[in-house]
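As you go down the protein sequences, you meet chains A and B in turn.
At position 5 of the first sequence (counting the first as 1) the number is 5 in our numbering, and the numbers step up by one without a gap.
At position 261 of the second sequence (counting the first as 1) the number is 1261 in our numbering, and the numbers step up by one without a gap.
Simulated from the structure, these hints should not be mistaken for laboratory data.
Quantities reported herein were computed from a predicted structural model and do not represent experimental measurements.
All C-beta atoms, glycine included, are put in the ideal place defined by N, C-alpha and C.
You may find that some hints are simply not true.
Computed Cβ-Cβ distance ranges for the label pairs, DEER-style [stated by the list, open to error]: (1) 1277(B) with 2(A): 49 to 57 Å; (2) 1190(B) with 123(A): 36 to 44 Å; (3) 1117(B) with 128(A): 33 to 41 Å; (4) 1118(B) with 103(A): 52 to 60 Å; (5) 1122(B) with 3(A): 21 to 29 Å; (6) 1254(B) with 104(A): 27 to 35 Å; (7) 161(A) with 1054(B): 49 to 57 Å; (8) 1227(B) with 101(A): 57 to 65 Å; (9) 1086(B) with 3(A): 54 to 62 Å; (10) 1005(B) with 92(A): 14 to 22 Å; (11) 92(A) with 1209(B): 22 to 30 Å; (12) 1086(B) with 2(A): 55 to 63 Å; (13) 1149(B) with 30(A): 25 to 33 Å; (14) 1227(B) with 30(A): 34 to 42 Å.
Listed next, the stretches of chain B that the computed footprint assigns to chain A, with coverage defined by at least 3 CB atoms under 8 Å from CB atoms of chain A [as the list claims (entries may be wrong)]: (15) 1010–1020; (16) 1117–1129; (17) 1163–1173; (18) 1176–1188.
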Amino acid sequence: MTPRAWLRVAAVVCVMLFVQEAVLNVLVLGGAHPDGFLLLAVAAGLIAGPQRGAVIAFAIGLVADLFVLTPFGLSSLVYVLVAFGAGSLASIPGGRAPISFQMMAAFAGGVAGTLLFEGIGVLIGQPRLPGHELVAVVAVVSISNAALIIPATAAMSRAINIGPSRDLAGVSGGSAAR
Amino acid sequence: MSTTRRNTSQRLTLVILVLLSVTAITLDYRGDASKAIRSIRNVARDGISPIQRVLADALHPIGDLFSGAVNYGSAVSENEQLRNELGTLRREALENQTAEHQLQELLNEENLPYIQNLPTLVAEVVAGPSSNFEATFEIDRGTSSGVGVGMPVVDGAGLIGTITAAGSSTSVVEAITDPGTSFGVSFGTPALYAVAGGRGTGYPLSLSNVTASTPVTDHELVYSSGIAGASLPAGIPVGTVSSVHYTRGTLTKSVLVTPVADLSGLSTVTVILWFPAP
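Chain B on its own, in the form it takes in the complex (with noise of 0.2 Å):
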């Protein structure tokens, strides 16, 4: 008698907590309520951003140490100076081949902002995911240094990701490789356009809506495409085409792009404070 009530609790309790659970997410889901979660979550991670950089600074190391142990090969010192030229590096010889003259010419035809023009903030990465549902990581700018959501992040090299949350002093950069990012691209000349998807961390994105007529070649640069309303200023490099794959038969070619950003083990980037039309 007494294991039945038991169980009976039991099931009351969790359908009680499953309950207060779907509430929650269906409240996140809701306009003021989600910005009310929003604005908490800003709190609880400033909250934590300074106890979290001594921590990190102290136990850092320990974790490098075990990182290093299972990822020896890709663990060997790099830093980020390094990193930064050649990606620079990278991205000028990438234009120097390619994409100069149709990086001038998209600015000509088009009349897009040229984007070293744009204010700049200079961050440094303090956290990566908390989770392993997404590829995002920390940096130690928030709303305080003009930080805002939808700012693109970059490094030498091309995109990063973009601002998908900010703090007062902390914000959580979404990379381009997330499942869940897409932004419109541009490549070839004259401008054709596509919209780029994330695949996952370490893999290249995908592009859609590019037709089976459409000329596409192996390593030529995409960019952001800063078409009206777009998400990302106009000029961006995002990566180089490294897959064309196209089934007879279908109406779409499959495009792979790899970004030009080495977005492993980022350490310092550069938020262009540049908000998305609303």
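For reference, chain A alone in the conformation it holds in the complex (with noise of 0.2 Å):
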């Protein structure tokens, strides 16, 4: 990626970081908020592959680490796991995945960031998140995902120069910053 690619990649990030403060913070439903980063993060594992992608993800898991109390470095490592996943997962073979699949992906990305947080955070002595909370914080979580999933890949594709027509097998061949 170049220099100023990652520029717009931060770009995003900024704009992600308002949106969630301003007004994802706000959309609460049984206790629990959309997650504005994880989105962004699987959106960079589907657009630029499980590699490039998982990169970003750090980035944005080390942005988004700034403003919680949760050890630093714990949303980053989330972050990258699940966008090397969604990465995989739109490499597979079959040309460009559809909108149906990315709702799924960021779907099944939401579910499995809010239990690798919970079970990594748990881990590592955190405090475990009552069993009412948790499910209510993966509905909210993976839901909203989904449905704003393709606005955050118009975004990430954008940002870092691929078109969103790009076949995202071929992303995975690492040409997509060449």
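Make one complex out of these two single chains by using the hints.
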């Protein structure tokens, strides 16, 4: 990826930061709100493939970690794994991923990301989220991910300069940022 | 061949990123690095605070619109002044019923400082929790106003939480319902002590260390204990006992306490300028 592409990704992350703080954090349902940064990580994986997607997700995670009280690096770790998974899914041969696939991947990314965050958090000594609350978080994050993945992938593809019609199978081949 | 090489490269990248993340987590748990990370976080929060406030003012109506659509029942226009008045009335009613005498007795017997004599600072809530994994909110006062980590935050009814991070112009408050929260409480006459712990947003606190023989009654008011080395000053109303359960054969009772303060939709809070004992 070129420095310009990184700057555009940074701009997208900044916009998401403010959208998260000003809008998404207010959309509370059952005590949970959408996670815009996890959404961007999934979008990065889907658009840029597992390798570059994971690198972008790592950077997104570092930014996200600045604004929470959970251990620094926890969001990065989760986002890297989710983006790599999403990118690997999108790289399966079969041509361009349809919208329905992206939505399903975003939903799965929301479930996996939330459970990974909880699981790794507990492993490193963070308080366990009560079961009822975890269910609400999984539901809200995964459904909102599925609903918002299209604009997120559009923003991410513009940022890293990959056209929306790009064959995702080809992206994993590493040509995206050449 | 190239596919194999590509896969190896992808996995190597993944391993490196995971190791970097784990290193960051490890550093956050270590003393000096942890302080540095905390400072960076405070600077970042202070940095976005002005833009965040402008955007929040501009965009909150949009968020509120959606929020109101999905939470219509709870989104009906409650303003903070009414909330505070209601909270104060609830506290007064509770104190009149059961606790005024207990509080006075606690103060007399144990020479605890009266909470209203402590200096306070009114702060505005500028943001809710950034993560689904913590019950926190951000206020518009920081170290430049004398706010520091560990200070209790209250409203008209009682305890809301404590300051867990303080930048120069903003601070993060961890609500008492956060699953990671625990603090000493007292109840009854003579005073009995227990440890209250959060169980998640919207759920009552649980009391631990309540032995089977401890007399606890429903609706009993629970205060911060303020015993030596406590994380909170004595006498702050915390909640009322909402459930007492004893299973035959066990050594302790299961006691749940509903916070007296309404922790949803806060917009103004009071910081008690009191530091816990080091």
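Results for each hint:
1. Taking the beta carbon of each, residue 1277(B) and residue 2(A) are about 55 Å apart, inside 49 to 57 Å as hinted.
2. The given range of 36 to 44 Å is respected by residue 1190(B) and residue 123(A), whose C-beta atoms sit roughly 42 Å from each other.
3. For residue 1117(B) and residue 128(A), the hinted distance range of 33 to 41 Å is satisfied, since their beta carbons lie about 38 Å from each other.
4. Roughly 53 Å separates the CB atoms of residue 1118(B) and residue 103(A), a value that falls within the hinted 52 to 60 Å.
5. Checked against the given bound of 21 to 29 Å, the beta carbons of residue 1122(B) and residue 3(A), roughly 46 Å apart, lie outside it.
6. The hinted range of 27 to 35 Å is not satisfied by residue 1254(B) and residue 104(A), whose Cβ atoms lie roughly 42 Å apart.
7. For the hinted restraint 49 to 57 Å between residue 161(A) and residue 1054(B), the CB-CB distance of approximately 31 Å leaves it violated.
8. The hint said 57 to 65 Å for the Cβ distance between residue 1227(B) and residue 101(A), and at roughly 59 Å that hint holds.
9. Range check, residue 1086(B) to residue 3(A): about 55 Å between beta-carbon atoms, so the 54 to 62 Å window is met.
10. Between residue 1005(B) and residue 92(A) the C-beta distance comes to about 19 Å, which sits within the given range of 14 to 22 Å.
11. For the pair residue 92(A) and residue 1209(B), the beta carbons lie near 54 Å from each other, so the given range of 22 to 30 Å is not met.
12. As the Cβ distance of residue 1086(B) to residue 2(A) is approximately 57 Å, the hint placing it in 55 to 63 Å holds.
13. A C-beta distance of roughly 30 Å is found between residue 1149(B) and residue 30(A), which places it inside the suggested range of 25 to 33 Å.
14. At about 37 Å, the beta-carbon gap between residue 1227(B) and residue 30(A) stays in the expected band of 34 to 42 Å.
15. Only when three residues or more bring their CB closer than 8 Å to a CB of chain A does the claim for the stretch 1010–1020 of chain B stand; here the count is 6, and the claim holds.
16. As drawn, the stretch 1117–1129 of chain B meets chain A at 3 residues by the rule of a beta-carbon pair under 8 Å; at three or more, the given contact holds.
17. Counting residues of the stretch 1163–1173 of chain B whose C-beta lies closer than 8 Å to any C-beta of chain A gives 3; at least three are required, and the coverage claim holds.
18. Only when three residues or more bring their CB closer than 8 Å to a CB of chain A does the claim for the stretch 1176–1188 of chain B stand; here the count is 3, and the claim holds.
Checked against the numbered hints given earlier, this structure breaks hints 5, 6, 7 and 11; the rest are met.
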